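The hints should help you fit chain B with the ligands onto chain A, whose structure is shown.
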Amino acid sequence: MAVVETRNLTKVFKQGELGAVNNVNLKTREGEFLVFLGPSGSGKTTLLRMIAGLEMPTAGEILIGDQVVNHLAPRERRIAMVFQSYALYPHLSVYKNIAFPLKAQKVKKELHKEKVEWAASLLGISSLLHRKPRELSGGERQRVALARAIVREPSVFLLDEPLSNLDAKLRLSAREELERFHRRIGTTTIYVTHDQVEAMAMGDRIVVLNKGVVHHFGTPKEVYDEPADTFVATFLGSPPMNLIENGDVIVGFRPEHFRLSETLDEAKVTFKFHVENVEYLGAEYILSGSLLGGRFEGKEVIARLLLGHAYEPGTTYEFAVPERHLKFFDRSTEKRVEARALTWQ
Amino acid sequence: MMKTGFREHGSRITKGLVLFISTVLLAFPFYWMLIATFKQNLDLYTVENNPFILNAKPTLDHLRLLFNETRYVRWLGNTALVGVIVVVITLLLAIPAAYALTRLAGRWGQRLGIGIFLTYLVPPTLLFIPLSRVVALLGLQDTIWSVVLVYPSFTVPFSIWLLMAFFKSIPRELEDAAMVDGLTRFGAFVKMVIPISISGILTVVIFTFTLVTQEFVYALTFISPESQQMVGVGIPIFLVRGDVYFWGSLMAACLIASLPIAFLYNLFLDRFIAGFTVGAIK
Ligand SMILES: Nc1ncnc2c1ncn2[C@@H]1O[C@H](COP(=O)(O)OP(=O)(O)O)[C@@H](O)[C@H]1O
Ligand SMILES: [Mg+2]
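Protein sequences appear in the order of chains A and B.
Each residue of the first sequence is one higher than the one before, starting from 0 at the first, in numbering that gives the first Met the number 0.
Each residue of the second sequence is one higher than the one before, starting from 0 at the first, in numbering that gives the first Met the number 0.
Just chain A, same shape as in the assembly (with noise of 0.2 Å):
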């Protein structure tokens, strides 16, 4: 096991061009289950592929185990990494895939059958052993680059979007099963994804991402009550945080807390909520719509609400958020900053 450092890593692929990767700093924990989490385009791909060395930065240092490996080629970096598009060997059966590490690099003979039915079974494709990768569905091949990954223990898990390729349903049991198969083999682990859901359930911590930048690194309840900035409070949550612009500063509030008025009886600012649409998910309303009278006429909100109270749209009711939700961002900069007193009407 070990520790993944980066320092004022940096990756630009065409100069002159706004790099890929700009000056990030981040140190995982001891085997952490570490998530970066951002866009399509924000750079995640570039970084990991810089920590398994496939990638070459173009400036700063990675660290795995307290030593710098910039100048180490993949295979002398004791890593696994499983591929978006899991790079299973398509001319090799599924055993021959798993035993491909521990053939590369040279591991006894002897102990490949063992090593390799100990991690099929880890993953119950034992069954499959025999079969080639076109042969297997999504989540039968998911499995087996994992088990790929786990055959030769490595200190370092690098996982690029794994569950992406696999539907709805599947998904969440996947995404189960790995944090699972996390806790059990405690390996450190760094987990890319574009889907804040994932990133939320699995994570440890989550390093936010945008064009190569770290917007915020912290732990889900962290990055999702306390967002760093603009971005990382709309990236986060669905629907998004809703940003109200008061003066010098952007207001935010998530939209399970703005709520009928009357049910609130704290300190709290008060809107007239026009609702426009009204979305109904079983479990809780979607109210869409806009803000009446003063200076937010027009401001387009949504509200996300508990069933018990039903909702018309095209009326007006009374809504609220408690001043202690209230998220305040430096309207310049989009950056987080104290929370302070402000006129609201």
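The set of hints was computed from the structure by calculation and includes no laboratory data.
Please read these numbers as outputs of a predicted model, since none were measured by experiment.
Don't take every hint at face value.
Partial selection, computed: residues in chain B whose CB lies under 10 Å from chain A [what the hints assert, rightly or not]: (1) 109; (2) 113; (3) 170; (4) 173; (5) 174; (6) 176; (7) 180.
Pairs of lysine-lysine, DSS-like flavour, derived with a Cα cap of 27 Å [stated by the list, open to error]: (8) A:102 with B:190; (9) B:56 with A:114; (10) A:298 with A:271; (11) A:95 with B:190; (12) B:56 with A:131; (13) A:105 with A:131; (14) A:105 with B:190; (15) B:190 with A:131; (16) A:220 with A:267; (17) B:167 with A:107; (18) B:167 with A:95; (19) A:210 with A:168; (20) A:112 with B:190; (21) A:108 with A:131; (22) A:220 with A:112; (23) A:108 with B:190; (24) A:13 with B:167.
Glycine residues also receive a C-beta, built at the ideal position from the N, C-alpha and C atoms.
Leaving out everything else, chain B with the ligands in the frame of chain A:
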């Protein structure tokens, strides 16, 4: 129900018909060569005879002429030897070049690839004069080594171009995975890229070998002694004397020379087709 039944039936008939016609078209030349090989000259030249069957007793005269009075076996041997050597040279040059152009050279690789392919379009009728200077300078004229030197000049560009398409269809992540799993880049190339693109490599082998057996202009210009001939030149030169065509022997020679190639094609037919439909495979 009825409609689809009819349609299925109809399409099966069409399929069968197409298959039948193409089989006849392809097999007919072989049949023609076969019967001409065993026809007596009188039978062959009598216009009233049905040309599609043997009208008189079969004869071995033509084969005897071919094997006893020409150096046919030697030509076959020359051709096979040149074929094998040129295939090896082509593979040794084209595989690394194609890989480097697709994976390592970036955008320039693409342009260079097109440039290399363009050289393939220069016809040998333009090139044989300057090339004969080269051959003479090296003292290779009248030996099979002259064509061993010259053939790769067009087999290599084409093969590079074909293999580039092949290598491009192999996901980069496969090599990356192999490198993370413990191989060097070269190891990943040898253990991943080559086995996966075996169809493309076989296509190159067959293509090169076929070109070597059928090439005419260079073989004719650079080689004159009977013992050094390639089969494609030896047959028309030594079995057409003045205006006398030794049809029976000609047909026998062609049949024997084409059988191994036809056999090779059939052996690797599936992979060969895959070779020309890259991109459709994953
Ligand atoms: N090999 C490459 N050459 C040039 N640009 C690249 C290359 N790989 C990635 N990029 C660019 O770098 C940026 C980040 O890409 P990537 O790391 O794949 O993002 P993500 O994985 O978050 O979707 C993108 O703008 C992408 O176009
Ligand atoms: Mg990616």
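Verification of the supplied hints:
{"no.": "1", "hint": "109", "in the structure": "16 Å, violated"}
{"no.": "2", "hint": "113", "in the structure": "22 Å, violated"}
{"no.": "3", "hint": "170", "in the structure": "6 Å, holds"}
{"no.": "4", "hint": "173", "in the structure": "5 Å, holds"}
{"no.": "5", "hint": "174", "in the structure": "9 Å, holds"}
{"no.": "6", "hint": "176", "in the structure": "4 Å, holds"}
{"no.": "7", "hint": "180", "in the structure": "4 Å, holds"}
{"no.": "8", "hint": "A:102 with B:190", "in the structure": "12 Å, holds"}
{"no.": "9", "hint": "B:56 with A:114", "in the structure": "71 Å, violated"}
{"no.": "10", "hint": "A:298 with A:271", "in the structure": "11 Å, holds"}
{"no.": "11", "hint": "A:95 with B:190", "in the structure": "13 Å, holds"}
{"no.": "12", "hint": "B:56 with A:131", "in the structure": "56 Å, violated"}
{"no.": "13", "hint": "A:105 with A:131", "in the structure": "23 Å, holds"}
{"no.": "14", "hint": "A:105 with B:190", "in the structure": "15 Å, holds"}
{"no.": "15", "hint": "B:190 with A:131", "in the structure": "17 Å, holds"}
{"no.": "16", "hint": "A:220 with A:267", "in the structure": "23 Å, holds"}
{"no.": "17", "hint": "B:167 with A:107", "in the structure": "34 Å, violated"}
{"no.": "18", "hint": "B:167 with A:95", "in the structure": "24 Å, holds"}
{"no.": "19", "hint": "A:210 with A:168", "in the structure": "30 Å, violated"}
{"no.": "20", "hint": "A:112 with B:190", "in the structure": "21 Å, holds"}
{"no.": "21", "hint": "A:108 with A:131", "in the structure": "22 Å, holds"}
{"no.": "22", "hint": "A:220 with A:112", "in the structure": "43 Å, violated"}
{"no.": "23", "hint": "A:108 with B:190", "in the structure": "18 Å, holds"}
{"no.": "24", "hint": "A:13 with B:167", "in the structure": "22 Å, holds"}
Violation of the numbered hints given earlier is confined to hints 1, 2, 9, 12, 17, 19 and 22; the remaining hints are satisfied by the structure.
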